[in-house]
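Peer 1: Okay, here's what each chain looks like letter by letter:
2 protein chains.
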Amino acid sequence: MRLKLTIAYSGTDFAGWQIQPATDTVQERIEKALAEVAKVPVRLHGSGRTDAGVHALGQVAHFDAPDHLTMNPFNWVPALNTKLPPTIRITECEEVAADFHARFSALAKTYTYHLSLAPILPPFLAKRAWHIPRQLNPDDLREALAFYLGTHDFRAFSANRGNETADTDYLRTITRSDFEQIPEGYLLTFTGNGFLYKMVRFLTGAAVQASQGFLRQDDLYNLLHSPTEIPPTGQTHPLCAPADGLTLLEVNYDNLAS
Amino acid sequence: MRLKLTIAYSGTDFAGWQIQPATDTVQERIEKALAEVAKVPVRLHGSGRTDAGVHALGQVAHFDAPDHLTMNPFNWVPALNTKLPPTIRITECEEVAADFHARFSALAKTYTYHLSLAPILPPFLAKRAWHIPRQLNPDDLREALAFYLGTHDFRAFSANRGNETADTDYLRTITRSDFEQIPEGYLLTFTGNGFLYKMVRFLTGAAVQASQGFLRQDDLYNLLHSPTEIPPTGQTHPLCAPADGLTLLEVNYDNLAS
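Protein sequences appear in the order of chains E and S.
Heads up: the first sequence runs through residues 1 to 258, numbered per my numbering.
Heads up: the second sequence runs through residues 1 to 258, numbered per my numbering.
If you are wondering where the hints come from, they were derived from the structure by calculation, not from laboratory data.
Some hints here could point you the wrong way.
You can't tell identical chains apart in this list, so a pair holds if it fits in one copy or across any two.
Cross-link-like lysine-lysine pairs, in silico, DSS-like; alpha carbons within 27 Å at most [unchecked claim]:
| id | residue 1 | residue 2 |
| --- | --- | --- |
| 1 | Lys127 | Lys83 |
| 2 | Lys39 | Lys83 |
| 3 | Lys32 | Lys83 |
| 4 | Lys127 | Lys39 |
| 5 | Lys127 | Lys32 |
Fair warning: this is a prediction, and the values are worked out from it, not measured in the lab.
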């Protein structure tokens, strides 16, 4: 039986989603919990990686429950949560078709990004928001975000992962890119059919720079329409916003698949 | 020059407010930052201790700035914050009268307590709320909280600190004790002229038990009016709520003093 998990986590305590040697990752924690329940190793397939420090409210993953387990899908939720730290919570478990795949069946993803303009960042937002003490112009922010809508070659808004080839496809379609005002800050929302490595952080960083007068409309235009090279990797790239404010809000699938 | 600091912190990473050997405490962190700025040791006096895991949005402390420092009080805020972890923030610094004392001049304190009734506690509320999966009756909660109003001997709602004597005064006056509904939970608010050790956690725990039918009105009456002994120390006392949901919201002083 193939099961789909919806997962929320605080990224602060983990080295991202994906299992890597000698680090504490969300995928590894959940695979360990699955193995404890199933008594056999279980492989978990996520909708995609999230970087170290990136949060999730609606990450999705699937696994195949061993045949000997006749547990109701619903019962996996408390069974796993009791074996996970409180900063990782399984919020849903449901049966899906045998050909459902958390990554390949995904039609769209939505991320939010929390900007805090508080004069002093409250301690509870440490590692959960990007603190920008400098004011920004909300009209310019809105305009920059609207600029991303549609299908573009976003290579100028991504970092090199190391496995790119001449055939790597950098075209992505953004269907939502806007913000709402929240107390002492802004919550940006991005929906797209997929996102390149660190792309939401680049979209955010560039929009913030535009809203502070450091980038103009034609700079953004050039980045989107004459993408000659991928910016170097690293949080220190001037266009790349920190991981802290980023949350994977949800992953959308065709109703038939789930 | 005597200066009054207002301080916010997430209690999760610290062993409480007060300096203790071989532990990481908020007071020690701030005294170290003060010494770095002042270049001499500086003693910081808090309005009172908060236990390990207890949060603060408006803790207050005072110190005497060394005479050689001619810094504007306002400039202490960024000077200290750059030397503190992001989970401790100085939010205000102002000059006060030479006889102001953060502890002895305090007229009232207000605490909040966050109860979460979410089916699954969101990862961002881990260590910030008391997760009560069992439903409670809001009318009984309101009634129990109102019961605390006024002046009572609260020894049945406190834990032994070890320095109690025959003359220890357990009378305290509570001027606010109520709650508001928040998404998937309740935020309790308590204001009083002072609180005994762990008192807010006992008030909360007893009110929750009353709202779940485990304690009746006359049980609360007996605890308040026939307090024969102090309950044993420890989080495992059935009336003592966990530290997680507790926040010191503010400390009030006479306007003339500050």
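Peer 1: Could you tell me which of the hints above the structure violates, numbers in ascending order?
Peer 2: 4
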